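Engineer: These are the residues of each chain, in order.
Number of protein chains: 2
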Amino acid sequence: MQVDIGAAGITCQKLGEAETMVDGGIEDVLIPYNIVGEPKLERLAALLGRARITVSVDDAALLPGLSGAARRAGVELGVLVECDTGLGRAGVDTPMRAIELARAVAGTDGLRFEGFLTYPAPDGAVGFLSAAAEGAAAHGLDAKVVSAGGTPNMWAAGELVPVVNEYRAGTYAFHDRKTVAAGAGRLEDVALTVRATVVSRPARDRAILDTGSKSLASDPNPAGGPGTIVEAPGSSIVRVDEEHGYVSVGEGDGDTLELGRQVTVVPNHACVVANLFDELWLERDGRITGRWRVTARGRSR
Amino acid sequence: MQVDIGAAGITCQKLGEAETMVDGGIEDVLIPYNIVGEPKLERLAALLGRARITVSVDDAALLPGLSGAARRAGVELGVLVECDTGLGRAGVDTPMRAIELARAVAGTDGLRFEGFLTYPAPDGAVGFLSAAAEGAAAHGLDAKVVSAGGTPNMWAAGELVPVVNEYRAGTYAFHDRKTVAAGAGRLEDVALTVRATVVSRPARDRAILDTGSKSLASDPNPAGGPGTIVEAPGSSIVRVDEEHGYVSVGEGDGDTLELGRQVTVVPNHACVVANLFDELWLERDGRITGRWRVTARGRSR
Chain A
125 MQVDIGAAGI
135 TCQKLGEAET
145 MVDGGIEDVL
155 IPYNIVGEPK
165 LERLAALLGR
175 ARITVSVDDA
185 ALLPGLSGAA
195 RRAGVELGVL
205 VECDTGLGRA
215 GVDTPMRAIE
225 LARAVAGTDG
235 LRFEGFLTYP
245 APDGAVGFLS
255 AAAEGAAAHG
265 LDAKVVSAGG
275 TPNMWAAGEL
285 VPVVNEYRAG
295 TYAFHDRKTV
305 AAGAGRLEDV
315 ALTVRATVVS
325 RPARDRAILD
335 TGSKSLASDP
345 NPAGGPGTIV
355 EAPGSSIVRV
365 DEEHGYVSVG
375 EGDGDTLELG
385 RQVTVVPNHA
395 CVVANLFDEL
405 WLERDGRITG
415 RWRVTARGRS
425 R
Chain B
125 MQVDIGAAGI
135 TCQKLGEAET
145 MVDGGIEDVL
155 IPYNIVGEPK
165 LERLAALLGR
175 ARITVSVDDA
185 ALLPGLSGAA
195 RRAGVELGVL
205 VECDTGLGRA
215 GVDTPMRAIE
225 LARAVAGTDG
235 LRFEGFLTYP
245 APDGAVGFLS
255 AAAEGAAAHG
265 LDAKVVSAGG
275 TPNMWAAGEL
285 VPVVNEYRAG
295 TYAFHDRKTV
305 AAGAGRLEDV
315 ALTVRATVVS
325 RPARDRAILD
335 TGSKSLASDP
345 NPAGGPGTIV
355 EAPGSSIVRV
365 DEEHGYVSVG
375 EGDGDTLELG
385 RQVTVVPNHA
395 CVVANLFDEL
405 WLERDGRITG
415 RWRVTARGRS
425 R
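As you go down the protein sequences, you meet chains A and B in turn. Count along the first sequence from 1, add 124, and you get the number used in this note's numbering. Count along the second sequence from 1, add 124, and you get the number used in this note's numbering.
Some clues are possibly wrong.
[To be verified] Keeping only pairs whose Cα atoms sit at most 20 angstroms apart, straight-line, the calculated DMTMM-like set for lysine to aspartate or glutamate is:
#	chain 1	residue 1	chain 2	residue 2
1	A	LYS268	A	GLU283
2	B	LYS164	A	GLU375
3	A	LYS164	B	GLU403
4	A	LYS164	A	ASP128
5	A	LYS268	A	GLU200
6	A	LYS164	A	ASP147
7	A	LYS164	B	GLU382
8	A	LYS268	A	GLU258
9	B	LYS164	B	GLU200
10	A	LYS164	B	GLU375
11	A	LYS268	A	GLU224
12	A	LYS164	A	GLU200
13	B	LYS164	A	GLU200
14	B	LYS164	A	GLU290
15	B	LYS268	B	GLU224
16	B	LYS268	B	ASP365
17	B	LYS268	B	GLU283
18	B	LYS268	B	ASP402
[What the hints assert, rightly or not] Stretches of chain A that chain B covers, calculated by requiring three or more beta carbons in the stretch to come under 8 angstroms of a beta carbon on chain B:
#	stretch
19	154-165
20	207-215
21	256-267
22	274-282
23	341-350
24	358-368
Calculated from the structure, these hints are not laboratory results. Being a predicted model, the structure only gives us computed values, none of them experimental. Just so it is clear, CB atoms sit at the ideal spot from N, CA and C, and this is done for glycine as well.
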């Protein structure tokens, strides 16, 4: 659906997810994640024969393996250099190192230097990426793609132009309590919610939902708690066990949270919640209109 | 395997998990969780014809539904009264209310009062349960089962005897960083670990593992971080994104955490980690000896 309305393709962190996306008919997949080890390189080689795959690297030690995979597949593999522009995760940490690695990619048999990639796009990212692209150009290398991403700041992506020419956002498709907290969406924009039943009402001020950490996950949120109950804005989920959500019941929410009632919970983090369920149920105007199988769930390898 | 070495049966929180256990041949299943709503009561009725099922309740409003399920199945359903002896989750909160509910259970067609249940077994649990059992006896009701549980305090379960005559422990089968922190096991007792690969080594003092919150979950631990790296005791996983584990590399662990190396991570909470994976791989003496399908994974309904 995203490709149909204009996305160039899809970004996956894991090879297993990329395999699922190619199985599902996506023809252009970016894996901004170092691919390490022979079993994964073999799977990459198999995938290269089936779709346009682009990968990223942050270390020259990865290049021989990627080169071998490309050679086995008989294709040229596009490679982006991952840059750490402030997150402190993976990525080379200076424009000079990025340029060095770009040159190493371009000099490796079977690999094609495609450009630079970062995540998300903190202050300083444009300066870093711009310096890297200019430095690469000085060595005759064209950074065709300069890619940043992240839902929380997606509305400001325009400020990254013209240096950045690709923006990767994922959570926007669903939104969640964290992207709402970041101002990227409103609570009513959130499309992925967890349907909860009040399974116990042991006290006037306490209700127990059947959604615990196996449904809502335990990702923290600055606002506290694992989720927001849409129908009970004066109440809060204060903590979760695996199968129990503890609700502090607000004054006006007593009836809404009676034993047996169902409510809608907006989780903190849509990504990990979708990964807990085998199916998503689709609802429009209060009616269930279908189900989606979460085929990339658990494809963590 | 647990039943083979003496367990009376198994405890599940969710009906879907109980269905899976019965499918797997377990003949005695306790569901200490209010079963709410007609769709679940229908599934319960179907299950009652297949195995010995015991449920718990903490509210008399649940009894008509359970009675209907038992009648449909043509069996008598054993019911425990859930007691909140300090956790503040579900359960009736005084012995007097427990006795009242026990009498209501005993007076409901198709239901058999079986006894009392709590979780875990905090200070005061024995007094509560003892008073409930004595009060029930005064009304001619025999609390055949008085059940407590929890891995962290399982070594002290003897102190609950003779009031408590059933103890439910689950995490002990695997152990995890939390049960080790509670003193219930040692790090070397932990049987469920996550195999991680160093996928990036962007700085001397920072490594990135391919195990993020989709593999280790985000359950907190008082000791901090989402897991312990067995082979790198001087290093710590400081945080996780969905697919990235950020490691602060200790002085002596530089080689152990080189790009491409594999390490063993003990997660904070085995229950939710097992729920993230479709398969567990079995290892003995460094060799893979088999795989288990996690058939109860995601059975959150």
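Engineer: Would you mind marking each hint as holding or not holding in the structure?
Structural biologist: How the hints compare with the structure:
no.	hint	verdict
1	A/LYS268 to A/GLU283	holds (19 angstroms)
2	B/LYS164 to A/GLU375	violated (30 angstroms)
3	A/LYS164 to B/GLU403	holds (18 angstroms)
4	A/LYS164 to A/ASP128	violated (30 angstroms)
5	A/LYS268 to A/GLU200	holds (15 angstroms)
6	A/LYS164 to A/ASP147	holds (17 angstroms)
7	A/LYS164 to B/GLU382	holds (18 angstroms)
8	A/LYS268 to A/GLU258	holds (12 angstroms)
9	B/LYS164 to B/GLU200	holds (18 angstroms)
10	A/LYS164 to B/GLU375	violated (30 angstroms)
11	A/LYS268 to A/GLU224	holds (17 angstroms)
12	A/LYS164 to A/GLU200	holds (18 angstroms)
13	B/LYS164 to A/GLU200	violated (54 angstroms)
14	B/LYS164 to A/GLU290	violated (48 angstroms)
15	B/LYS268 to B/GLU224	holds (17 angstroms)
16	B/LYS268 to B/ASP365	violated (48 angstroms)
17	B/LYS268 to B/GLU283	holds (19 angstroms)
18	B/LYS268 to B/ASP402	violated (38 angstroms)
19	154-165	holds (count 4)
20	207-215	holds (count 5)
21	256-267	violated (count 0)
22	274-282	violated (count 0)
23	341-350	holds (count 4)
24	358-368	holds (count 4)
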